[in-house]
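Visitor: So you can see what is in the structure, the chains are spelled out below.
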Amino acid sequence: MTAILAFAVTPPNAKGVSDHTTELAKAGATVRLACLFDPADTLTEAGLAEVREIDIGPGITAERPRGRGVKRWLNRIRRTVSADARADPDPATCRWQAVSNDRWVIDQVARSDFLVALDSDAVYPVWQLARANPGIRASFGLYAVTASLAGRIELRDGR
Amino acid sequence: MPHLIYLAVGFPPAVKSCAFRMRETANLVAEAGWDVTAVTIHDEGWEREFGVDPSLLVGVHPRIRIVKLPLSREDLEPDIRTYSEFRAQQPRKWLTELREREVESFPEIVFGSWRVALEKAVLAVHAERPADLMLVSPAPNSGLASAWRLWSEHGVPYAVDYRDAWSLNVLTGEEAFSVGSRAGEWERRVIEHATAVWCVNEAIAGFYRDRYLRVADRIRTVQNGFDALVVPTQNRRPDRERGLTFGYVGTANFPADMLTPVVEGWRRARATDALLERSRLVFRGHFGAGLARGATRHVAMISTGAVDGVSYDGPAAKSDLANVYGRCDALVLILAGGRYVTAGKTYEYVASGLPIMSVHAEEHGAAEILGGYPLWVPPPAPLDADTVAESFRATARLVVESSDDLRARAAQYGRSYERRAMLGPAVRSLTEAVAGEATSVGQP
Chain E
1 MTAILAFAVT PPNAKGVSDH TTELAKAGAT VRLACLFDPA DTLTEAGLAE
51 VREIDIGPGI TAERPRGRGV KRWLNRIRRT VSADARADPD PATCRWQAVS
101 NDRWVIDQVA RSDFLVALDS DAVYPVWQLA RANPGIRASF GLYAVTASLA
151 GRIELRDGR
Chain L
1 MPHLIYLAVG FPPAVKSCAF RMRETANLVA EAGWDVTAVT IHDEGWEREF
51 GVDPSLLVGV HPRIRIVKLP LSREDLEPDI RTYSEFRAQQ PRKWLTELRE
101 REVESFPEIV FGSWRVALEK AVLAVHAERP ADLMLVSPAP NSGLASAWRL
151 WSEHGVPYAV DYRDAWSLNV LTGEEAFSVG SRAGEWERRV IEHATAVWCV
201 NEAIAGFYRD RYLRVADRIR TVQNGFDALV VPTQNRRPDR ERGLTFGYVG
251 TANFPADMLT PVVEGWRRAR ATDALLERSR LVFRGHFGAG LARGATRHVA
301 MISTGAVDGV SYDGPAAKSD LANVYGRCDA LVLILAGGRY VTAGKTYEYV
351 ASGLPIMSVH AEEHGAAEIL GGYPLWVPPP APLDADTVAE SFRATARLVV
401 ESSDDLRARA AQYGRSYERR AMLGPAVRSL TEAVAGEATS VGQP
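Here the protein sequences come in this chain order: E and L. For the record, in the first sequence the residue sitting at position 112 is 112 according to my numbering, with numbers rising by one throughout. For the record, in the second sequence the residue sitting at position 142 is 142 according to my numbering, with numbers rising by one throughout.
Among the hints, erroneous ones may be present.
Stated by the list, open to error - Among chain L residues calculated to face chain E with C-beta under 10 angstroms, some are:
| hint | residue |
| --- | --- |
| 1 | G51 |
| 2 | S55 |
| 3 | L57 |
| 4 | H61 |
| 5 | L76 |
| 6 | E77 |
| 7 | I80 |
| 8 | R81 |
| 9 | R87 |
| 10 | Q89 |
| 11 | P91 |
| 12 | R297 |
| 13 | V299 |
| 14 | G305 |
| 15 | Y312 |
| 16 | G314 |
Unchecked claim - Below 30 angstroms or equal to it, Euclidean Cα-Cα: the simulated DSBU-like pairs (lysine-lysine) are:
| hint | chain 1 | residue 1 | chain 2 | residue 2 |
| --- | --- | --- | --- | --- |
| 17 | L | K120 | E | K71 |
| 18 | E | K26 | L | K318 |
| 19 | L | K120 | L | K68 |
| 20 | L | K318 | E | K15 |
Keep in mind that the hints were calculated from the coordinates and are not lab data. As the structure is a prediction and not an experimental result, all values here were calculated from the model. Glycine is no exception: its CB is placed at the ideal position from the N, C-alpha and C atoms.
With the hints as extra help, turn the sequences into a complete structure.
Guide: As C-alpha cells, then:
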C-alpha cells in the first residue's frame, strides 16, 4: 500500500481531488490531507483517507488575506513565529513552523511514500519535510504521483 | 529523396489539439515522396501538460522520423526536490524572475529560453541529413529562430505554419506587440523571408497580409478541418422518453465565467421544458493542464449543476471520440474570442452531423463555418442565462423535429471540412515549389 500525505493551504476543488484519489486507489494508494484551513465538510467527497486541520496560530489564516487585513495578519504571524524567524518573518516560514510542530504530521510523514503540495503555498512545508526525509518523494500535484507510479515520470528521492 | 525538417512541438504522441494538424501535414509531405524529421519535445515534458497518447502514433507515415528533445516547462516541474529554497519559499517571486529570464534570448515568455536548444537540434538534424525545406509550427515562437538560423547559415528555405498568431492576440483582436518591438523585429524578418506563411483562418491571414504588405501573396489560409476518426458511424435517434444528451466535447480553453450563463441557462430551460427536464448536459475533455488536471474552476462550476443533470465526465481519448459524439443528441459549442478564433472543435462538431448550439460572441470565426450548417442554433445575444435557456429549448426542438433529410445534409456539409482536404493543396504547393527548384526568398 502506497501512502501519500498531501498538504493544502487553499481549499482544493473536491471533485478534482476525488478524480485523483480514485485513480490512486486503483494503484493501491491512500491519500491523507493536512490542511491549513477549516475543512468543514467541503472535502467529504474527495476520497481522502483522513483529513487533519493544522492550527497555524490564534486568529491566523494560512492564506494571505487581501486588502486591509494584511497588516494585522502579518503582525499576528510575527507574534507566532519563533525568535529565530521573527527577524525576517514570512508566511511560508509561519506555515512551515505550524506543520513541523504538529504531532499527527510527524507520525504520518514517517509512514509516507510521497509528500504532495496541492497549491503553491503548500510547497514550502513539503520542501522542508522532503529535505529532512530523504527516502520520501515529493511532488506538486497528485497527478505527478499517479504518473510516477505508472513509470511515466521520475520523482527522485533524496538519497 | 528530399528532406523536410518539421519543427512541430506538439507532434504525436502529445495530447495536444495541434497534434492532428501536425500528423496530417507530415503524412502528406511523406506521401509526396519526402523524408520527414519531426522535432518535438520528450514525453515527460507533455506529462506536465495534457500527457501523451501512444494511439496518436498510429497512422504516422513510416518515413517520418521523430526526434524528441529533453525540454520541459520549468514552471511545471512536479518534483519538489529539484526546487531551490527560494522557489519553495517564494513561488510568486520565483515565477516573476523566471519569466524575466525566459525572454533574455528570445522575446517570448515561457518558451523564449528554448531557443538555443531548438536551434542546436535543428542544426544537428541538418548536419546528419541535409534538409531541403524546414517547416516550423509555432508555438513556441522561439522555433522561428531555428528556421531563421538554418536559412541564414545554410540557405535552407522555410515555411511557417501559424496555428495561432504571434503579433495578434486572437482572443482580443488587438496587436500583441508593435512592428518596432524586439518581437516585432523577429517576426518581420522571419515572415519576409519565408517561402510560405500559413494561417488557420482568413481573418488571421488578413491581419498578416495587412501587416506585411510586401509578402502578402505568400500568406495563405490553411484551415484545420477534422479527422475522419472522430465521426460517429451512426448518430443515435433522440429518445423523448429518456431525455436528450447535450454534450460539450473538447479542451476547455474558454474562461470559466462563460459557464455561469450556460449552467444557469440550462437550469432555467429545464424548469420550463418537460423534455429538457429529463435531459443531461455532459462535459468531456481536458479541463486543466498538468497540476490542475480536473481541478479547475470550470469543473467546480460544472459541479454546481449536478442536481440538474450537469456533469463533467473527464477527458476522452481521440480513439473514443466517435463514440462520445455518437452518444450525444446535440452539441454545445462554447468558445472564447471573436473573429480571429475558429477552433478545431468547430470542424469536429459539424462533421458529427448533430444539432449545434453556439455560445460565443456574435461576430466569431466559427460562424464562418457554422453559417452554412443546417442544424445550427446561432449564439444568443446578449449572452445571459435567459437567452442561453432559450437556445437550449430551440436546440431541443431542432433535435426532435429535424428530418432525416436535413440531418443528411448537415452531415454532408460537415464532411466537406475533412482535414486532408484542408491541408492537401497547401502541402502540395509547398513541396512542389521547393522540390522543383530550391526556392529561397532573398539571399541568406
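Visitor: Against each hint, give a clear statement of whether it holds in the structure.
Guide: Comparing the hints with the structure gives:
1. G51: At about 8 angstroms, which falls below the 10 angstroms cut-off, the nearest Cβ of chain E leaves the hint on G51(L) intact, so it holds.
2. S55: Violated, about 15 angstroms.
3. L57: violated (16 angstroms)
4. H61: Violated. Min distance 26 angstroms.
5. L76: holds (9 angstroms)
6. E77: With a minimum Cβ separation of about 8 angstroms from chain E (threshold 10 angstroms), the hint on E77(L) holds.
7. I80: holds (4 angstroms)
8. R81: holds (5 angstroms)
9. R87: Check passed: Cβ of R87(L) comes within 8 angstroms of chain E, closer than 10 angstroms.
10. Q89: Q89(L) check passes; min Cβ-Cβ to chain E is 5 angstroms, inside 10 angstroms.
11. P91: holds (4 angstroms)
12. R297: Hint on R297(L): holds, closest Cβ of chain E at ~8 angstroms, below 10 angstroms.
13. V299: holds (5 angstroms)
14. G305: G305(L) check fails; min Cβ-Cβ to chain E is 12 angstroms, beyond 10 angstroms.
15. Y312: Y312(L) check passes; min Cβ-Cβ to chain E is 7 angstroms, inside 10 angstroms.
16. G314: holds (7 angstroms)
17. K120(L) x K71(E): violated (50 angstroms)
18. K26(E) x K318(L): The given pair, whose Cα atoms are some 23 angstroms apart, holds under the 30 angstroms limit.
19. K120(L) x K68(L): OK: K120(L) and K68(L) at ~13 angstroms, within 30 angstroms.
20. K318(L) x K15(E): holds (23 angstroms)
Checked against the numbered hints given earlier, the structure breaks hints 2, 3, 4, 14 and 17 and satisfies all the rest.
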